[in-house]
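Participant: Letter by letter, the chains look like this.
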Amino acid sequence: MAFPRFSPLLAQTSAVFQRNFSVSAAAAAIQKMTRVRVVDNSSLGNTPYHRPPRVIHVYTKNSVGKVGDKVLLAIKGQKKKALIVGHKMPGDRMTPRFDSNNVVLIEDNGNPTGTRIKVPIPTSLRQMEGDYSKVLAIASTFV
Amino acid sequence: MAACSRGLDKIVTSLRFCRKLQHQNERVFSTSACRPAADSDPPKFVPPSKPVIVDKTQTVASMRKFLSPEFVPPRQRTDPFKFFLERKDMIRRRKMLNIPEFYVGSILAVTMADPNASGKTNRFVGICIQRGGKGLGATFILRNIVNSQGVEICYELYSPRIQKIEVLKLEKRLDDNLMYLRDALPEYSTVDPEMKPVPFSPTGEVPLNQIKVKMRPKPWSKRWERPKFNIQGIRFDLCMTPRQIEGAQKHAQPWLEYDMLKEYDTTKLEEQILKEVQQDLSK
Chain A
1 MAFPRFSPLL AQTSAVFQRN FSVSAAAAAI QKMTRVRVVD NSSLGNTPYH
51 RPPRVIHVYT KNSVGKVGDK VLLAIKGQKK KALIVGHKMP GDRMTPRFDS
101 NNVVLIEDNG NPTGTRIKVP IPTSLRQMEG DYSKVLAIAS TFV
Chain B
144 MAACSRGLDK IVTSLRFCRK LQHQNERVFS TSACRPAADS DPPKFVPPSK
194 PVIVDKTQTV ASMRKFLSPE FVPPRQRTDP FKFFLERKDM IRRRKMLNIP
244 EFYVGSILAV TMADPNASGK TNRFVGICIQ RGGKGLGATF ILRNIVNSQG
294 VEICYELYSP RIQKIEVLKL EKRLDDNLMY LRDALPEYST VDPEMKPVPF
344 SPTGEVPLNQ IKVKMRPKPW SKRWERPKFN IQGIRFDLCM TPRQIEGAQK
394 HAQPWLEYDM LKEYDTTKLE EQILKEVQQD LSK
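The listed protein sequences correspond, in order, to chains A and B. Residues in the first sequence are numbered from 1 upward in steps of one, following my numbering. Residues in the second sequence are numbered from 144 upward in steps of one, following my numbering.
Check before you lean on any hint, since a few could be wrong.
[Claimed, not checked] Computed list of lysine-lysine pairs in PhoX-like fashion (alpha-carbon distance at most 25 Å, straight line): (1) A/K66 <-> B/K263; (2) B/K393 <-> B/K371; (3) A/K118 <-> B/K263; (4) A/K66 <-> B/K315; (5) B/K263 <-> A/K134; (6) B/K411 <-> B/K315; (7) B/K411 <-> B/K225.
[Said to hold, decoys possible] Footprint (simulated), chain A over chain B, 3 or more residues, beta carbon under 8 Å: (8) 251-264; (9) 297-310.
If you're looking for bench data, these hints aren't it; they were derived computationally from the structure. We treat Cβ as the ideally placed atom computed from N, Cα and C, and that holds for glycine.
Modelling step: build the complete structure from the supplied sequences, incorporating the hints.
Facilitator: Encoded structure:
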């Protein structure tokens, strides 16, 4: 899966230590304007674009997105709903914390757009069996 | 003399016996006096059995003394009785679940009960990057890179959900806190989940891994070059210019080590608690 060019997590092969923009250390959960990483193998999430996918709305009461919440993304100039499957913010004990804010593209009825998720998914998503059973079915590993 | 003749007789009879059996072997047995009865096989050099030295001095006394850091209470204004009661509860839990000795930098495998996981248990293997908390709320963070995604899980040592903690590799690192592995190259945080446990002895020194880790380009999540973190395990010469390293040293606070109010000597307390814990655990 091709990483988008902008990601500061990429190990740059050049010896130049310049940065094109400043990044703040993310310790908050997902909210509006966060850049996210799409982890399924859908074409919309994987084709490179000059702007990273950003969250423009979080479908929760307090506009803070945690694992299992639906968000609205702006990808490649289109609006698309997505499901949060992991974030950089430390959560409860015994729950995994990922090194990137991961998101899976989803349709309005809850069906995933891609066909496979290679990245590990937290097992707490299994509780929402009814809504996201198809997303769980395409996941390969659980953490 | 009589013994020798008896021996000779035996040799002669056994030789005849051997010749009957062995037709291929042309070796002639020497009929030197007092030679023991020859075997049917050619005399193969059998080295004398090595004496087994049972080192009775290696008793419990020589086992490595290790007190888990969460037993040592912080310096607070609470009654020591509260810590005593907490220690009793910790020992009760330790009698049920074996919490082995491990340090930051060791590789652990933790099996925990998970109602959502298939088979109700969830096994995670990772390198321990931090041990925090005191008393029953003590935690440790395991880090691993799974399918090129970095995952960290903060486990509570005394949580009833934990079913098994195995130490796959016991070792120490140059630092107490390996949070800089988040900004290091992924090869330093990857641990093979099917790793076989490396045997280690309960006596002697814990092996110290002097590895110095190569970092990703800056910016990092924290400014690890600053003397506040006092990190020994990063190769700063590869990622920073000498000017930058000097500039980071400007943030040093050399007076801190002489600050008497920050002194907290735990040696006597540790000995006392270790004795108490060992007594209670053996009951």
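Participant: Determine which of the earlier numbered hints do not hold for this structure and return their numbers in increasing order.
Facilitator: 4
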